[in-house]
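A.B. asks: The task is to assemble the complex, starting from two chains supplied on their own in separate frames and drawing on the hints.
What follows is the residue order along each chain.
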Amino acid sequence: MRTITILRQTIMLAVPFINDILNYDSLSIVGLQKNTGKTECLKYVLARLPLERKSVAVTSIGIDGETTDQVTRTQKPEIVLREGMYFGTSEAHYRQRRLVSELIDVSDENTSLGRVVTARALTQGKILLSGPSSTLGLKRWMRDTRRHNIDLAIIDGALSRLSLASPAVSQSMILATGAAYSINMSQLVQRTAFVVDLINIGVTSERNLALLAPLESGMWWIDTDGVLHEMEAVTSLAQQVEFHGMDRCSTIYLAGALVDSFLEKVRKNKQLRQVELVVRDFTKIFVTPQQLRLFEKVGGRIRVLQKSKLIAVTVNPTSPSGYVLDSEALCDKLTQAINLPVYDLLKN
Amino acid sequence: MQLKNVIESPCGLRFMLDGLDLQSGFARRWLLDTEMMTSEIEIVDSYDVLRKFVDFVRSIEPSFLNTLLFKLQGVKDIRTTVKNLRQQSTLDDIELFEVKHLAILSTEVVKLLKEHNIDKAIKIPMLDEVITILDPDGMKIATFYIYDSYCEQLKDLRIQMRKNPSQQDELLIEAAEIEDGVRRDLTQKLHSHVDDIERALIALAKIDISVAKARQMVEQELCFPSISNDGSSCYTALFHPQVKDALIRAGKKFQPVNISFAYWPTLITGANMGGKTVVLKTLTLCQYLFQFGFGIPASEASIAIKDEIMFCIGDEQSIERGLSSFAAEMKNIDAVIKASRENRRILALIDEPARTTNPTEGTALVQALLKVLSTKHMSLVMTTHYDIEPGTAHCLRVKGFDNGSMNYSLVEVAGGEVPQEALNVAQSLGIDPEWIGLARSELEMTK
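One line per chain: the protein sequences are A and B, in this order. Going by my numbering, the first sequence opens with residue 166, and the numbers climb by one from there. Going by my numbering, the second sequence opens with residue 790, and the numbers climb by one from there.
Same shape as in the complex, but just chain B (with noise of 0.2 Å):
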């Protein structure tokens, strides 16, 4: 699972990677196809590096860091040319440049790093041999051609050119062809270098993708957060990007919540408008961002790694395949059933199953579901509007209307209880009296 196959998930990470300062476009290439981690040592080795980058990200000027992110901003994606390199078919002038201009960059960034003593948390490669071999003059500029001191032959036809111009043309082509042994043999030269200026490339856009992180970091106030061993997870303070952004643009506060869960059901219930999928949203941008070695939006938070993470947010229809939203949502719910019969950790959001159907076979299916699921040793978060028996879910409740106004903190319930507060949450929202006072005469007739 590559981060740019989730990218657009509903659960908000692309504007955590809008949101991240990235310098070149090859380091947006490289991030977008890093795979997911699930191991442990790989997810700890990822913070341990961000760790350092935040520290420096913290310790630098301004200036510094401006002088860093500009040197970054000249990687490119030399890709082709390096595996051009590889099969040692010679490299024109262009590609001899790029190697050039990327061996005196990777210098150039390892002395700025060495600077605040960070140049071994990612490790980029010496390239000085190459630089010799295309800086024959020594100039430590980043251009090139094929330079006169190359060959004798070749100086001198070039000073021909420059007194006879009229033969210019004669003496050009003359002159290719020993630029064209120069080039083969330069290619052969630089061929026994190849593994490291592909490891140089790499570690340049690595650095990039961790300073960007650990600014972000900074920034939006983001956590590391510690590995959980107990298939639990743990969140102090959660919040939403993207959502707490748009509040502070609304001029709102988030209101961040507390909670965890274990790999048994968790039942969410509460009023609408209590923030139930938000919720939902941010548990499952947090386990990416976590799996993706990011900074998780909490003050505190302890994670369990998750091999698949699924996330049923209920509302999407398929208007491709043809399917009503009710259809899309049965098929991945089933899907979520298929995975958790098989012998991994798996992590399923559920908001809302069968809310666009009737409310009696509606029921029945969420009492189902969560009997099925409850024998599987899987983590499910699951929200819900209908009243079922929780059985050994373990329920939570948004605490919902309290003085006025919403209060969004989740609390402990006992058993499944479904607050009954829709029709307080439509009077807040000034919908027509009639409606919802013969909405309430209905209520009482019933009770």
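With the rest of the complex left out, here is chain A (with noise of 0.2 Å):
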């Protein structure tokens, strides 16, 4: 009788959830720290997705700097895929696979681990996931899964300056956030809610888009009449950037990483106030949140190039020294900071 009664309410709770994700073709989910329970909640999602109605293929965004993962190569959770469910791995991970799946498809993309693979798993059972590498291989995975009529791929993401591959590229995302982030909760929801918001950032004009989504590198600007120019520093992290001659820039457009030095020359520049900054994604953003205050203050204003659609913040209240904050209370108090649904997984 009981079990009923918590299966009812895992049924409620993720009922909603789950049917957002049906809404995109993909789906990444990301942690803002370890143990923020990112591989509890693919796992939630995973085990819930109606695979009769939709076809799913799961990835994960390998992170070059987490070398213990790839010396123990057992310390990377093992994922429980369900019959049916097509994955994307390593070569030495797919070796390794604890189910009997059929490849699909083996791709040119190398990472440290061996090419990426494509395969469907014929039974249930684990696997150890480790897919590309760059948000170009990401997107060329992606690309590939529609190839293989796949509805949806997820990726089990990463929000870490280590990771190559921008999981922004995908149409929709859950955050992982918890304890791991922070034990103090209001400071937790803050920083929580001040990443939400980098993630609502909203998409530069149709115009904009044309113009600089072809752009892989440098720092461009675009004048009043909305021609393209290069700017002559090197990068955006250069204490040597000057504005000469832009003052009929109307957006400029970094390619790389927005630091907040960048963000502070910009807002100091009379002739570039009410500027539009833009940034391929929310990823590239690397600002306090003091800084971005500031530069909205002054009439500024940052956009982006891809914008992924946030459907649900997770929490884990415990942190990995053990620390546990109060599950409601931090679901509360997060949800009315972001305005979106909160859950806590663990707890149901």
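Keep in mind the hints are simulated off the structure, nothing from the lab. Predicted model only: the values in this text are computed from it and were never measured. Possibly wrong hints are sitting among the right ones.
Stated by the list, open to error - Straight-line alpha carbon distances no greater than 20 Å define the calculated DMTMM-like cross-link-like pairs of lysine to aspartate or glutamate that follow:
no., chain 1, residue 1, chain 2, residue 2
1, B, Lys-952, A, Asp-309
2, A, Lys-474, A, Asp-190
3, B, Lys-865, A, Asp-309
4, A, Lys-433, A, Asp-390
5, A, Lys-291, B, Glu-959
C.D. replies: So, in structure tokens, the structure goes:
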């Protein structure tokens, strides 16, 4: 009887969340920190997706910085796949699979663990996921999944400067946060809300999009007549950035990272007030809330070329050191701060 | 000499290769690894194949071409797998998948090519038996695993797995042993087909390359050359595709030129900005294109086969070797002279030798170079601004300023008369009139 009650609660909780995912053809699940419950969230989603309605493929963005996982090779959590699910992983991890599966593609995408292969699970079972390690590779993998008539691609993502692949290429996103990110509840809520703000930054105009999307590198600006110019400085990190002859600038585009010092320089330049600063996606933004607020105060705004729809935020109230936050209070506060559903998946 | 060794030649070969719409990375690697052809039979054969593909490309619907290109995109470099198979080391699932994928893909490509009767131009071995080995259920789709139908016992284990997920790990271990046996067995069976598998892989790359070359020929209006047997080369309406492309972008037109040269020196003189260097670049490019079996950027071409192509453009400083531009140039020309003493067919193209030194010694060096190379049985095309005695050299001059604009065509002249048009050219560039005016009076005084 008790099991049934729990089951019902789970279903009630799960249905809106899972149904939202079904509206998109790609989903990334990203954790703000290790141990924020990203893997739990992925497991939760994978266990509940209605496979009879949608064919699903799952992969993980390989992180070059996470050497411990690659040396020990078993540290990374194994994901349980259901029969019929597709998955993308490296050759090395494919050989260690604990299920029967059928190979459907071997890509040219090389990772430190070999090429990325795509297969379909013929029985349920466990698999280590390690997919493409670059944004381009991830995009290609997603495109290939569509070629194999897969409806939904799920990316086990990472929000880390070490990750070369951006999870923002997916249409939708779930963010995992928790005590591992901060054990001070109000700080945790504040910091999470800031990331949510960044994820929700709007997409630039169609006209800018057409001009800027093909630019893979460098710094560019668009004048009030809509003409594109390249800026002279080498990187946005350079202190020597000068804004010569940019009095008619309406938009600045950075193909690389946006950092505090650049934002400050733009803000302090009178001719650049009310400028629109464009970056590829929110993962390229490394600024403090304070600098962002000051920038917006003088009339500036940030826009992106690519945006994911944030579906939900999940929390793990337990920190790796064992400290536990009050789950209910945390969910409430966070919901208020970000105006989005927040779930503690472990509790249910 | 492989294509990859000369791709960075300043003649513009990379532009031609970058313009090739190859579908697979393997085809690109294969192309870069091809050896320069120096035998007539090889070159004739390669153009015969290319001719068939040009006819094919011209005759097919765009949608059919797209289907073929899409198939060719699927070709993977599985040479390591082929090597493992040759050595009979047991293939794993990924390698078996690769072999099956190739076999099915090559069958599909053969089928497409057959529709247009071009399947014989580059023959792909039939891999039906390979497919049968790796597709025991006759599904005809390019996916792979160790199928249940390979072994009754394996099938039973998998049924149990689905029934009792809790025992899956033990059952998987049991199944793994059986699967290994199946893989060994499959490797044995496939081993007798290894040559055909390799041939099919290479044929697919060659088809990709031929389709790309054919499309480039049509798009850039390149021609099929004939092979000259008397050592002379002759081009009509020759153009440099990269320069032409840049001019079109700037809203201008490329003026094609006619030129021929034999196995004695040809000397080109003419005004600055008269296109002399472009002619040398184009001749170098054409010789490479010819011996790597590409279309030639001219309306007609008859080309002699060479064993070695030496292009000395002169202004290459070699910082790594610590050589000045003069020293680097001297070394390059020295290599030409050394090569000319060997019994090989050589085409040397030398752009304004000794241009960076004083005119007195420069003239002496060029005059002597011409004398040295005149006695050798080689093709030499050289440009110069120096006033030298041509001897037996065939002399061409850029027509030059003609009604206020540059006429790039080459005209035959009797001697090595050097046109004095530098000041006119400078003036047309809008260079400071005080400077140019003073230069004119200097000239008057020396006359």
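A.B. asks: Run the distance test for A:Lys-291 versus B:Glu-959: straight-line Cα separation, threshold 20 Å.
C.D. replies: The given pair, whose Cα atoms are some 13 Å apart, holds under the 20 Å limit.
A.B. asks: Are B:Lys-952 and A:Asp-309 close enough, with their CA atoms no more than 20 Å apart?
C.D. replies: 33 Å, violated
A.B. asks: Has the given pair, A:Lys-474 with A:Asp-190, been kept, meaning a C-alpha gap of at most 20 Å?
C.D. replies: Roughly 12 Å between the alpha carbons, so the hint for A:Lys-474 and A:Asp-190 holds.
A.B. asks: Check whether the Cα positions of A:Lys-433 and A:Asp-390 lie no farther apart than 20 Å.
C.D. replies: Violated. A:Lys-433 to A:Asp-390 sits at ~24 Å, over the 20 Å cutoff.
A.B. asks: Between the alpha carbons of B:Lys-865 and A:Asp-309, is the straight-line distance 20 Å or under?
C.D. replies: 15 Å, holds
Hints 1, 4, counting from the list given before, are not met by this structure.
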